[in-house]
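As they're listed, the protein sequences go chains V and E.
Numbering follows the numbering used here, in which position 206 of the first sequence is assigned residue number 206; successive positions increment by one, without gaps.
Numbering follows the numbering used here, in which position 228 of the second sequence is assigned residue number 228; successive positions increment by one, without gaps.
Bear in mind the hints are in silico, worked out from the structure with no lab data behind them.
Treat the hints with care, as some may be off.
In silico DSSO-like pairs for lysine-lysine, Cα to Cα no more than 27 Å straight-line [what the hints assert, rightly or not]: (1) V/LYS59 x V/LYS113; (2) E/LYS71 x V/LYS59; (3) E/LYS226 x V/LYS58; (4) E/LYS91 x V/LYS145; (5) E/LYS91 x V/LYS58; (6) E/LYS218 x V/LYS113; (7) V/LYS51 x E/LYS71; (8) V/LYS59 x E/LYS218.
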Amino acid sequence: MLSRLGCLARHGTRLPALVLTRPTLVTRRIHTLPALPYPLEAGLLPVFTPKQLNLHYKKHHLAVVQNSNRLIHGTKYEHMDTEIIMKLAAGDASGAAILNQCAEVWNHDFFWKCMTPGGSPPSKNLEHHLAVHFQSFEEFQRRFKMHAMSLFGSGWVWLVLRDRQLEILTTVQGGCPLLHRDVHPLLGLDVWEHAYYADYENRRGDYVDNWLKVVDWKGVDERFNKALEDDQW
Amino acid sequence: MSFVSKAFSRAARAFTPAVRPITSVASPLAPGVFSDPLVAGFATAMQSYTLPDLPYDYAALEPVISADIMKLHHQKHHAAYVNNLNAALEKYAAAEAKRDLQGMIQQQSAIKFNGGGHVNHSIFWTNLTPKGQASSAPSGKLAKAIETEWGSVDKFISTFNTQTGAIQGSGWGWLGLNKESGRLQIHTMANQDPLSTAGLVPLLGIDVWEHAYYLQYKNARPDYLKAIWQIVNWKNVEERLTQASP
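Turn these sequences into a full structure, and let the hints guide you.
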């Protein structure tokens with residue numbers, strides 16, 4: 001039924017306002033590799049050479065996109081929004097592989113948006129809030145790096161807003177911050193070995209240092225303000 | 001308690017037979033520098049772990065595993081596990097000497113991560129052998145046990161690769177012996193958790209952390225798993241089975 005509505009919506013048929021709830025519920029979702037917000041051939045210096053960026057994007061991200069599509073094809077998940085797939089699959093014993101692949105799809109989609117060539121500085125407002133929760137912007141960066149260094153194995157490190165508090169959250173393997181209650185992801189760092197191995201081998205610390213130089217704090221700011229707004233309701 | 005008697009009781013505790021087995025002498029890699037001079041003198045009783053040498057050259061496993069990978073894997077990753085293990089054990093010992101239970105508990109995950117990494121990789125290097133020297137298939141007791149469990153060596157490898165390939169993120173695929181039943185089992189473990197924690201004796205382990213294959217195979221883990229069987233040291237696996245069997 002929902003997919004029929006989606007079909008109608010795509011063909012521009014006007015539907016009664018009652019039927020149009022959350023736009024995502026009527027949108028058929030097949031995962032695709034998103035366009036990078038910066039040119040692939042240039043890499044993203046100083047953190048990623050073109051080789052490393054290409055590997056991560058064209059091999060890993062594309063692979064999880066393809067795997068997730070293959071896994072959800074012909075299942076009840078096929079027409080659902082990624083976030084909903086994850087939440088349903090999390091409660092389904094046979095949904096582990098779907099959950100992991102979809103989580104990695106969402107994570108990587110988010111990851112590329114967190115960076116920009118040369119980075120961009122945080123607003124005074126965000127810096128103030130970071131100082132409230134982490135003593136200072138520098139201390140936040142130090143602690144974020146510490147989480148990244150102490151994450152054993154594969155996973156991600158996130159800056160999130162939860163209950164109007166800024167927190168650093170780690171997820172392991174194919175985990176996703178959206179699976180945590182009331183969490184708004186603001187910034188994410190991939191510390192799976194594939195994310196940095198070609199450029200840094202096992203020197204995760206150097207990777208994190210360079211990554212901090214390309215963080216798009218402007219985007220973090222936008223997500224932060226939107227999250228505060230969303231939390232009001 | 002006076003300073004002297006404190007030192008004396010600390011000394012007495014240091015010379016109490018250690019519960020954990022001492023496996024090797026202190027090495028130059030982990031000189032065991034201790035900040036407390038009173039403990040330092042007794043620390044040699046607590047011997048540190050060392051990075052074992054590979055039983056072959058770094059390039060010996062080519063073309064299946066490149067020399068670059070072998071060098072990094074051994075000199076950086078395994079060495080880091082050994083160094084971090086020794087550091088964690090040192091901190092654990094210091095906490096234990098002060099009867100600081102919270103301090104001891106705090107070191108336990110580092111001991112598990114890094115100790116597990118050391119155990120696993122030490123087994124791994126012996127599980128592999130240069131292509132020319134590898135026997136193409138298991139024989140004797142091992143072959144019989146594999147056939148009993150999976151019907152054939154090919155079926156075993158295919159099952160093993162499917163399960164190991166499906167590990168999310170970092171982990172190991174193992175062929176282990178269940179001593180109680182006397183049967184072989186395929187079992188995957190996450191991160192560096194040793195197979196012993198699953199109640200099995202490790203016979204053959206394949207590392208599927210990305211660092212084990214990334215530089216050569218990129219994200220094509222199945223290709224790595226397919227190729228690695230060309231260099232599995234079946235003799236070593238058989239020896240381990242014999243040692244573990246009653």
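Structure-based check of all given hints:
1. Between V/LYS59 and V/LYS113 the alpha-carbon distance is near 18 Å, which keeps this suggested pair within the 27 Å criterion.
2. A distance of roughly 25 Å separates the Cα atoms of E/LYS71 and V/LYS59; the hinted pair therefore holds under the 27 Å criterion.
3. Distance restraint check for E/LYS226 and V/LYS58: the Cα-Cα separation of roughly 23 Å lies within the 27 Å cut-off, and the hinted pair is therefore satisfied.
4. Annotation: proposed proximity of E/LYS91 to V/LYS145 holds, straight-line Cα distance about 23 Å (limit 27 Å).
5. Taking the CA atoms of E/LYS91 and V/LYS58, the gap is near 43 Å; set against the 27 Å cutoff, the hint is violated.
6. Proximity of E/LYS218 to V/LYS113 is assessed by CA-CA distance (about 24 Å); at most 27 Å being required, the pair is judged to hold.
7. Restraint check for V/LYS51 and E/LYS71: the C-alpha separation of about 21 Å stays at or below 27 Å, so the hint holds.
8. Pair hint V/LYS59 plus E/LYS218 holds up; C-alpha atoms about 8 Å apart against a cutoff of 27 Å.
When the structure is compared with the earlier hints, a violation turns up for hint 5 alone.
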